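Could you fit the two chains together into a complex? Lean on the hints.
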Amino acid sequence: METRIVLALCLVLFSALCGKTLADGVRRRAATLRQLSEGVRRLRVHMTSMFEPVQAALEHADDPLLTLIAGGMSGGVSAGEAWRSLEKKSTRRGGPADSLIEADRQILTRLFDGLGQTGREEQDLLLSEVVEALDRQQQAAQVKAGEADRLYLSLGLLIGLMLALIVI
Amino acid sequence: MDTVDRLMKLLPEEAAAALATRREEVTEIRLRVNRPTQIVFDGTDTLAGAPIEARRLREITSALMDHSFYARETELARGFFTMADGSRVGVCGRFAGDGTRLTDVGSVCVRIARAVPGCVDGLMGLIASKDGLHSLLIVSPPGLGKTTLLRDAARQLSEGGLRVGIADERHELAACHMGVPTLDVGPRTDVADGCPRPRAIRQLIRTMAPDVIVADEIGGEADAEALADAARCGVAVVASAHGRSLGEAAQRRWIREIVTTRVLETLVLLGERPGHIVEIRSLNERSAEWRRA
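So the sequences go chain by chain: A and B.
All residue numbers in the first sequence are consecutive under numbering that gives the first Met the number 0, ending with 167.
All residue numbers in the second sequence are consecutive under numbering that gives the first Met the number 0, ending with 292.
Simulated from the structure, these hints should not be mistaken for lab results.
These numbers were taken from a predicted model, which means no experiment stands behind them.
Any given hint could be a false lead.
[Stated by the list, open to error] As a list, the in silico DSSO-like pairs of lysine-lysine whose alpha-carbon atoms are at most 27 Å apart:
| # | chain 1 | residue 1 | chain 2 | residue 2 |
| --- | --- | --- | --- | --- |
| 1 | A | 143 | A | 87 |
| 2 | A | 87 | B | 8 |
| 3 | B | 8 | A | 88 |
So here's chain B without its partners, still in its complex pose (with noise of 0.2 Å):
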């Protein structure tokens, strides 16, 4: 049962009529304490179902972590938990404590994953051509598929032939179930899952060597240093950074440092909609230029 199935049985009913009729279309399902549930598809939005209480939410809450608060514990610390089937569920309200302790929930954001085989076929050649893998970096606002596409990279890589190490934090981009990907990541791929990403990467290069690293949401010098290991052992980065355009997110300085140590070759922007390319910028111009910068 995905994450669609099981909100379906727990929404109001008219909520859960409303999520029925465009089940395929949904991107992210909303809520909150005395509203009604808010369904996002591509670019619109709906309001169904009377209003969720307190007490209802937290159980839905529980019902989605599968009654099992202390399994979900680490991740909640930061706001969100993943689901067998990759959708992430962040929650917010009311924190206890140094911030890490959610004591009362008053709204949840379940953002639905789905795998759309194919949608990186555009960016698949500057990824491997004739002379070799290139490292990429796609930097995208939240929610417009950039997981989506590193993960149809990973199977595309594989099934090309190659070892791909993914370095998967989060759950999202392999969604593990017991060490074992539930989504199709390929034949050849290695998946390092729940580990912080800067010793993920470094432990995959280590026992997996990997051709090609993927990468979801890295930000920081820690993961800019661990994505220059990889570089310097010869394999190919492919992974993703939020960011509103490719002039931002060059403003940051672990986004500088790895492009002057020519750590990426590409940047590609998401934008507008879901998995549209906005830009594509070669960085072997541009990163003399920063480098100067």
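Same shape as in the complex, but just chain A (with noise of 0.2 Å):
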């Protein structure tokens, strides 16, 4: 008997656990967006303010994913030639953008096709739309995580403790 309620807890932290993962995984894109937004502010600093080329501007903007897009534009492609070879790269388990959405993806296209393509007041509204467009998409996706943190830990502690029952 012993053995099996000890098996039962284990069973409902697992499940526990498992929710907490998943809730996890939503709440790391709201993270992921948010360091984008200020990333792509900085990289406004950069490009418009002071003038760096475009590789030059996404190395010194401070953002994994924007880091990544400055490498791949060494062979001297444009940002958004980097952007479509690295695309599946950075959206990998464990890349950069692993987390991000198939709408975030597309801000980002827009983004990376735009870079550098046009005069100093056009950059400057890409730019700023970006921004929003991110910042709207991480305010969603921070609601989001709030209710999935909800949701998906109890889910796993229900789950869990049904298991148990089953086992006991």
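Following this line, the structure appears as structure tokens:
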């Protein structure tokens, strides 16, 4: 009986942890979007105030994804081309954009395709629109993260308890 | 990677191969929509490679600008931008608005910058002699090595112990990157990079106290006034200007002004081939005649 109780407790804990991991995934998206939005803000300063070339500005923006794209531009390709060739790598598990969803990636595609292609005013506009879009996504992700936190943790606990009852 | 290397990666295969075979002799590379690449050597040229499509030329231009149009916008309004190694890329096509906004690229002319150490040896005696420093103006048509001579003069004067100030409005003399020269302009040289020439000359005099001011492609009253100010401060001037002959140069009011106010002491005419000195005219005897005219 004691072994069963221990096993049941382990199941409850394991299920709760699984729920927390799922919730963390959603929370990580909000964190990534916030970090990215801050990176794009810094990128805007380096590009439109300091007039650094795109590659240098991306490097100085101090964001893992933007740094990755800067590295991809080394062969003389544009930011858009670098993003297309690195999109899979960056969204793969462990990549700097692995928690982002399709809608977030579309914003990034718009950003990288337009980066450096127009004059200062248009770049300023593009970057501020991207920051706004990322902030909107981040706020939505934040709300979702709160909900997911409660939902997945409760679900995990419930499933754990159900399994515990079955075991006992 | 210098400009020729970058172009070899961007051009059609055949043109890149033609460029690779004589890369040390190339002076210009000209690209035009729906035309083969024109590669210009000293006095000769060749047309190579498949015609370049409009879209491809736009991509090449963008790549030469490091895909950073906004950073080159001001330069492009004047029709050219300068590469990190000092090579100048002239861009032509359809302009919109007040004529400062390039919307479609039709042709591109890349002029390769090269340092030729020692190329100014023949003129150094005219600039620095036992009785001090002397001001000099190099006159020549485009593409005959004015900038290369000025760069070498700056380097030699600087290595000789003089403080040299370069007014490098077009980034061609020193090819500065983030304010630091990428070409050898000497150990005692300060560069005012990207600043309008008259302002750069005055700033250099005020802040760096140079012995010599070096300025490329001067032209107009504002430059003449700034150079006259330099002369009044006891600073020698080594400069260049466009022109086919010294007589033609002398017809320009601003040149007459700096001659008659004794800013300049020697005029040098380049011609026939890059770096070839056709005529040297001391202005001590001519200035009196010009002042009368």
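Status of each hint after checking the structure:
1. A:143 <-> A:87: 25 Å, holds
2. A:87 <-> B:8: Measuring from Cα to Cα gives roughly 26 Å; hence the hint holds.
3. B:8 <-> A:88: 25 Å, holds
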